Structure formats: structure tokens, C-alpha cells
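Residue numbers (our numbering), protein chains in the order written: chain A, 103 to 605; chain B, 411 to 788.
What the hints contain is simulated information worked out from the structure, not anything from laboratory work. Treat each hint with caution, since some may be false.
What the hints assert, rightly or not - Not the full set, but computed from the structure, chain B residues with beta-carbon under 7 Å of chain A:
| # | residue |
| --- | --- |
| 1 | 432 |
| 2 | 433 |
| 3 | 434 |
| 4 | 435 |
| 5 | 462 |
| 6 | 494 |
| 7 | 498 |
| 8 | 526 |
As the list claims (entries may be wrong) - If you anchor each label on the Cβ, the simulated ranges turn out as follows:
| # | chain 1 | residue 1 | chain 2 | residue 2 | range |
| --- | --- | --- | --- | --- | --- |
| 9 | A | 460 | B | 523 | 55 to 61 Å |
| 10 | B | 464 | A | 394 | 35 to 41 Å |
| 11 | A | 311 | B | 416 | 29 to 35 Å |
Claimed, not checked - Here are a few chain B residues that face chain A, going by a calculated C-beta distance under 10 Å:
| # | residue |
| --- | --- |
| 12 | 423 |
| 13 | 431 |
| 14 | 437 |
| 15 | 469 |
| 16 | 497 |
| 17 | 520 |
| 18 | 528 |
| 19 | 632 |
| 20 | 633 |
This one's a predicted model, so the numbers in the text were calculated from it and none came from an experiment. Note that CB positions come from ideal geometry on N, CA and C, so glycine has one too.
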Amino acid sequence: MKRTRRRKTHNNDSIFPMTVDELKKLITGKFENNHDFEFSIYEHHGKKIAVFFISYQVKTDKVEDFLLKPLLSKQGEWTSKSILNEVPLDTGSTTETLETILEKLLIGEVFVYVENDVEIVSYVLLKKEHRQLSKPENETVVLGPQVAFTESLITNLNIIRWSIRSTDLVLEKLMVGKRSPREVRIVYMKSIANETDVNTMRQRIKDLEIDQLEDSTTLMQYIEDSSTTIFPQFYSTELPDRVAYTVSQGRIAVLVENSPTAILAPSTLFSFFESTEDLYMRWNVGSFLRILRFIAMFISVVLTPLYVAAVTYHYELIPLRELITLGQSRAVVPFPPIIEAIILEFLIELLREAGARLPTKVGQTIGIVGGVIIGQAVVQAGLTSSILIIVVALSALSSFTAPSYLMGTTIRVIRYPMILLAGMLGIIGIMFGLCFLLIHLLKMTSLGRPYLSPIYPFRWVDLNKVLFRLPANYQYKRFFSFRPKDLLRYNKSEAVKKQDIDE
Amino acid sequence: MIKRIIIILFLVFSLSGCVQSKTIERLGIINTRGVDLRDDNEIEATMVIYKFDLETKNISEIITGTGHTVKDARENANLKTGIQLASGQINLELYGVEVAEQGLMRQIDTLVRDARVSDTMLLAVGNPTASEIINTSEKNVGTNVGQYLHDIIQQNIKTDVLSRVTLQDFMHMYYDAGHDPFLPTITITEQKPTITALALFKNDKLVGQIPIEKAYQIAIFNKKIKSVALEFPIPTKPFEKYMKKDDYNDIDSDTFYALFTALKGTSKTKMTDVKNLHYQTDITLKLSLHELTKEINVKGPEVIKLLEKQVEKEITHQYEELLTKLKKLNSDPFGYGSIYRTNKADGKLKKSEWHDKFPDIEVDFNVNVKIIRHGTIP
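If we strip away everything but chain A, and leave its shape as in the complex, we get (with noise of 0.2 Å):
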């Protein structure tokens, strides 16, 4: 696979020297019918000044007041040299290829070209407008930082510095797209990230030949491990202290220009289901709160289901007095119960789709016209049994607890094929599901380590990290199934110690 990566700029593609005049056909040939593109020539002490740029990717004011005035003032004559030297603006640097005028030009820098001269001067005043930092909307936590990315690059890496703090971290860039490249940065620590698992992320983004690159979820569906599956591989966060967290244990951050969420990798399917929260509570709590997210992730799978199998074929199974219950309930419907749970799960889904499409002051009426009025009409009309609101209502409940809003919404797909094994199969239709969706994690990748690490394969230590959270001195270790090069967070024996006050 080829490469797009900038040729390097020789001597001999160099355009220079040449007039003025040539210079400005040539580059306002290549922005035809844009009327944003400026192009003033100056003359001064005899030699004609070329200054261009497009008007609103650069701070005309910063152009005007530091570029031009101390250019046309000057006594004496211009050259590349002595504009670098003399001009009083730090980032000026000098080009010879048409390629990179044009590829700077895009990004908002502003030329200076004295006539005759092997090189072109450029500096960046790029502006760029972004909105402001705002509360996390995806990701909402209760405790800690309550700051979410935006779309602006920039910003993100400013956070990401002043949340880690150190020399090792490194923010590589890589350019994606062809036709209209996008920054992508890569973001690790050194000294602690697996250099298998950065070559692998460097390589896959290098290899990407594209033609434009949307956002850093259409990134991670270019370079994941596979596109057939429906589970996430990689995690997709707004959350700045999350990928400062994750980063500093040893993984790999991606940032994509113009997208407000990171990507994490590598991912473990219980990776998904841990929230910063978890860190920010105490032991005891996090843990709780963490395995009550994977029950409810089981309970989301597998409940629909099996109240249609239970109900279809199972009755048997069924505590005596709910049977009554039940069967009371069941009797004023006229569906089968698979047809009963379908048209429920689908009204949900509904009402989740159309709370989130509608704006937020529209979308709160549709969940109290969903949760009150639609679900007590259902029942009365005879459509469901009352008992399956409850499951319904419980599932839906427990999907969306996953603090990964794209985990959530493949928890929710998959329970549509189990309600159907279930309706058609019974429990063994049930199992059958179960066991498809075992064997098909344990044989995925997350930019290939074990997806279901480290319950598969096993490690021990790593349980304290992904199951459940323990006291700090325990938690001494980083996840060891990703083999981060530095292990130790801190020394054990320090961390056991009770420093009190020496007399």
C-alpha cells in the first residue's frame, strides 16, 4: 500500500525565481471563483512585494499590524532573508514548492514573496473559530472534571498537556485523507505504552488511503480489527480525564481535527462498562456500581428473552403465584408472546430515536408522552401484558447504563435476534445466542490484544482493574494484559506504609 505521506521538497520542483505577476496567475488559477482569496502586491523601494492569503483563515489584523507595517516602512531593500530576520512574528518559514504554498495557504498562513527571489516567506496567523469548552453531554458524571472535548484540535491538546503534565507524552500527528487532510494525533506516554501496540495504531492510520476522513468514529471504523462484528473495538470518549487516565495507564489515545471525542485502544469488552466515576468513588462504591453495570448488561440481553421463551414454553419455570399473575395478563392478549415483546422492544426504540433526533426541549414531552400514556394505553388495549412492560421497561433501563453510548446501543441490537431465538427456540434458543456471543468475543481483537482480557486469557492481577476496584495500595499494578513497558504505578511497600507524624 502506498503511502500519502508530503513529498519531501527538493530543489529541483522549486518554482522560484519568478515575477509577481507570473506568481499571481499561477495561484489564483488554482482558486478559481473565490473571491475570498486575496493578493496585494506592494511596491517597495523599486521591487514589487507579493502578500496573499484568504481572508478569513487569517487574523487580518495580526497581518496588518505586525506583517505589513514594519514591510512597507522599512528603509532598504526586502529579501526572504530579511524578512525572517527583521519581521517581528516567530513563525515564519520559507517554501519552494507550489504543493506546500497551497497546502499552507489552506491552513491559514500568509505568504510574502519578493520578486525574484528563490523562496517564499510564510507565517501563520491562522484563525480558527471553535466553540467553547462546555459540560460533557454523552458522558455525564456526577463526580469529577466536568469538561468535555470540542471540535477544535487545538484545545483538546491543550487539555490533554495540562491534564498529563510530563515529557513522556507524546502527541504524534499524523495527515489523513487525500483529497482534504485531517490532522490526526496520536497521544501515549512514552515511557509507558506498549511500542507494539503504537506501531500498530501508526501503521493502521498511516495506511489509510482515503479520500477524506468525517470523524474519529468513522476513523475507528477504518482501523479496527473487525468490520463484521457489531461490538466496538475501540472506545469513543468526550471525556478529557478519561483519556488522561487511560493514557497514563499505558494505552493510546487517538484525536481526530474537528471531532470532539477521542478514541481509546486498545478496548476490552468490560472497558465499556467503566466509568471515571468508578475511580472518582470510593473502593467499596466503584466496585458496586461497576458489577452492577455488568448485571445490568445481562439483564438487558437476556430478560425479554427469556420471559417469550418462559411464557411460550417454559411455564414450568414460572414461581406459582406469578403464573396466576401471568396467565391472568396473558390471557387478554391476542398475540403469541414473541409478537408481544417485538411490538414492545419497538415502541421503545421508538421513543429512544425520537427523543434523541428532536431538539432537547421537544424530546423531554416524547418521554412523558412514551413512559405514561402509550404504556398505560398498551395494557388497556389488550396489545401486551402488563407484566412485559415491567421487563421491557427494565431492559431498556439497564442498556442504557453503560457509560459507552455506542456499547448501549449494541446491547440493545442484540436482544432483537435473542428475542427471536427465544420465541422460536425456547431457553436452548436462548443458550444458543449466549454461546454464539461468547465465541464470538473471545475470538475478537482490540488492535490485536484479547478483546475479553483478562478473563480471556486469564490474569489474575488484572481482575482489581475490570471487575471490580480495590483499596489504592492494592492497585499498585497497571493492566498487565496490555503489557505497558513500566508495570508498577508505585512501589508496594510504600504504599502499605502509614506515614503519621513523627515526634
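With chain A held as given, fit chain B onto it using these hints.
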């Protein structure tokens, strides 16, 4: 590859027959079944079923059917209803005395075979017939007879009056050589179903009954008993000194009654002489005194000691009486045979062999009673 998988999946779903669905609203779920023998030697099954209907509020209903086998009787009953009778939730099976006397294995066989039937379902004997118990109960108890009957037995198992009598326990005792099964007997007293006795079996045939008050003596061999109430007759004479003064003169009877609850009751049996079939059984009871029919001042350790001694004497007497009766019936619900088998040189024992030997065993009952609570005394 993918094509092949699609074809296989298509064939799997199109060619395989559907599993027969049992949607609950179309089922008549049998909760309790009574099995009786009719004069023409056919089985009559009386079933309490649940059916779910919008119109009727009464969910339980009684249906009967006849046939040569229990399943056949169910199919026969099926002809009388618009719903399919299903036995997966059967909770209690009652056998008429006549059926039980002929041997229960023939009837239990179908329950054991059927994987849908729970092993924890209860078994009981209905005196005189199962159908009479079910029908009379329905008239006097009202709806949900099945659950009512089931709860009567369940409740008494919980309070340690009985030991567990599930299908699994019956099968275990039946197949364990040197151990005979037992079941509670339900009779109608004052128009209500009541547990009155413990039916004793020899192999699977009903041979006799003991009153339910004595069932604890067997229960203590199977489990640690914790909450059963026990009442003993106690001779008055040794307690004369401790009686209240004003009560002293009118001794109208030579026995009085004391009611205790067992806080902890355990048993331990050893074989002292394998050849001559001698056993020693230690019964340890920790009791809490609840009620006395005579006013006796139980303050002071010597009264309590005396009371303990009298109770020990009474229990030993009861056990000896029970054993004589069991020997006569040739039924061994204690499981002395199993202990014999484990002590035997070759460790093998046939059922018939034990039934030959059981009348000859001798047991020393060593009862140890401790009254650890007696409440406050004014």
C-alpha cells in the same frame, strides 16, 4: 463459504419442525393431582387446574379423568376441556389409601420420567380417597385448593413437624436399601383438610400409620429439628413439693402436661454390635418450656433437673413403643438398615434381606434433654 452458511441456516430454519409451543394462556396447568383406584381397577385422577380466562374470576377448577395409567387418565380428562392439560407445575400429588396399599411406584414412575415435573413436588396420602379430600376441600376452603393443600404440608415441614416429603426424598428412601419411605396423611376433620398421621411404608406399600404428634421422632433422624412444639405427659408425684401451696391439696390427676418447643434436636446412631443387630441412638434435645397444666414453681435448678429427667423417661418410652410398632409393621423409616449396611463386611444389603432382619434389631435409646429456657417466673 458465506453462501454455504446461508444455505445451511436456511435449511435449518425451513426444514426443522417447530418446537411445540406451550403458551400459558392456552394451558390448563395442573397444580394438584389426586390418584385413586376405582373398583374396576382403573385409575381415577382428580386434578386441580389453573386456567386463565377473562370471563371467570375463579381460576382453579377440578377435573377428573380415568384410565389404566396416570397419563392416560390425564388424556381422558383432556377430552372434557378446551385447554391442554400440562403437568409441569404440579406441586402436590395425593394418593388414596387403597392405591398406597397396592404400592406407589407404579404411579410415581410417570412423575420421575417426566423431566418437566419438579423433583421438589410434595407427595401425600389422602384418607380415605384423594378425590374426597380435594372435592370436600374445594367446597369448604374456596378457591385455589391445590395451593391450600400444598401450603398445609409445606408449613408443617418448615416447623419441623414433618421431615421433607418431596418426590426426591421418597425416591431416595425407596431406593436406599434399609430405609423405608413415609408420607403425611391428610384426612378431612370438621370439613377441613388436616394432616392427622404419618403413613409408613414397607418398600412402596402402605402398611400403617402413626399419629402426626409422633412424627418428630422420625424427623429427628433426618434433620436437625428447630421449632417443633412437643407436649409430654408427666407424672405429678415427684413434683408435689414444688407445687403452689393452694394447689397442693387438690391433686385431681396423677399426670400433668408440659409443652415445650425444641430449640435444637439432633440424633446420632451407632452400631454397637453388628452381628446381633444392636444399636445405640443418642437423642439430644434442647427445649424451651412454654406451658404447664399445673402450677409448678420451676425456680431453681433441681426442679428443672427433675423435669428434664421425667421428659427423658417419657421420650425413651415413646421411642421404645414406636420401635415395637414399627417392628410389627416391618417398616424402617429411621434407616437403621443403612447403618447396618455401612457396618457390614461386604457393604451390600438387599431390601428383602433387611425386612427379614429388621424385627430382630435392638436399640438402646439414650435421650438427653436440656431445658435451657423457661420464661420469666413471678
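Each hint tested on the structure:
The beta carbon of residue 432 of chain B is positioned within 7 Å of a beta carbon in chain A (closest approach about 6 Å), and the interface hint is therefore held. Here the hint on residue 433 of chain B is kept, as its CB sits about 6 Å from the closest CB of chain A, short of 7 Å. Because the closest C-beta pair between residue 434 of chain B and chain A is about 5 Å apart, less than 7 Å, the hint holds. Of the supplied interface hints, the one on residue 435 of chain B holds, with its beta-carbon coming within about 4 Å of a beta-carbon of chain A, less than 7 Å.
The beta carbon of residue 462 of chain B comes within 4 Å of a beta carbon in chain A, closer than 7 Å, and the hint placing it at the interface holds. Evaluation of the residue 494 of chain B hint against chain A yields a violated restraint, the C-beta minimum of about 11 Å exceeding 7 Å. Taken as an interface hint, residue 498 of chain B checks out: its beta carbon lies about 3 Å from the nearest beta carbon of chain A, inside 7 Å. The interface hint given for residue 526 of chain B is met, as the beta carbon of that residue sits about 5 Å from the closest beta carbon of chain A, less than 7 Å.
Take residue 460 of chain A and residue 523 of chain B: their Cβ atoms lie about 58 Å apart, and the range 55 to 61 Å holds. Distance hint check for residue 464 of chain B and residue 394 of chain A: the Cβ-Cβ separation is about 39 Å, which falls inside the suggested range of 35 to 41 Å. The hinted window of 29 to 35 Å between residue 311 of chain A and residue 416 of chain B holds, with their beta carbons roughly 31 Å apart. Hint status for residue 423 of chain B relative to chain A: holds, with the closest Cβ pair at about 8 Å, below 10 Å.
The interface hint given for residue 431 of chain B holds, since its Cβ lies 5 Å from the closest Cβ of chain A, which is under the 10 Å cut-off. The interface hint given for residue 437 of chain B is met, as the beta carbon of that residue sits about 6 Å from the closest beta carbon of chain A, less than 10 Å. Given hint, residue 469 of chain B at the interface with chain A, holds; its Cβ is 6 Å from that chain's nearest Cβ, closer than 10 Å. Annotation: residue 497 of chain B was flagged as interfacial toward chain A, and the flag holds, the nearest CB pair being 9 Å apart, inside 10 Å.
With a least beta-carbon distance of about 15 Å to chain A, the hint placing residue 520 of chain B at the interface is violated under the 10 Å criterion. Evaluation of the residue 528 of chain B hint against chain A yields a held restraint, the C-beta minimum of about 7 Å falling below 10 Å. Taking 10 Å as the C-beta cut-off, the interface hint given for residue 632 of chain B is violated, the closest approach to chain A being about 26 Å. Among the interface hints, the one on residue 633 of chain B is violated; its C-beta lies about 25 Å from the nearest C-beta in chain A, farther than the 10 Å criterion.
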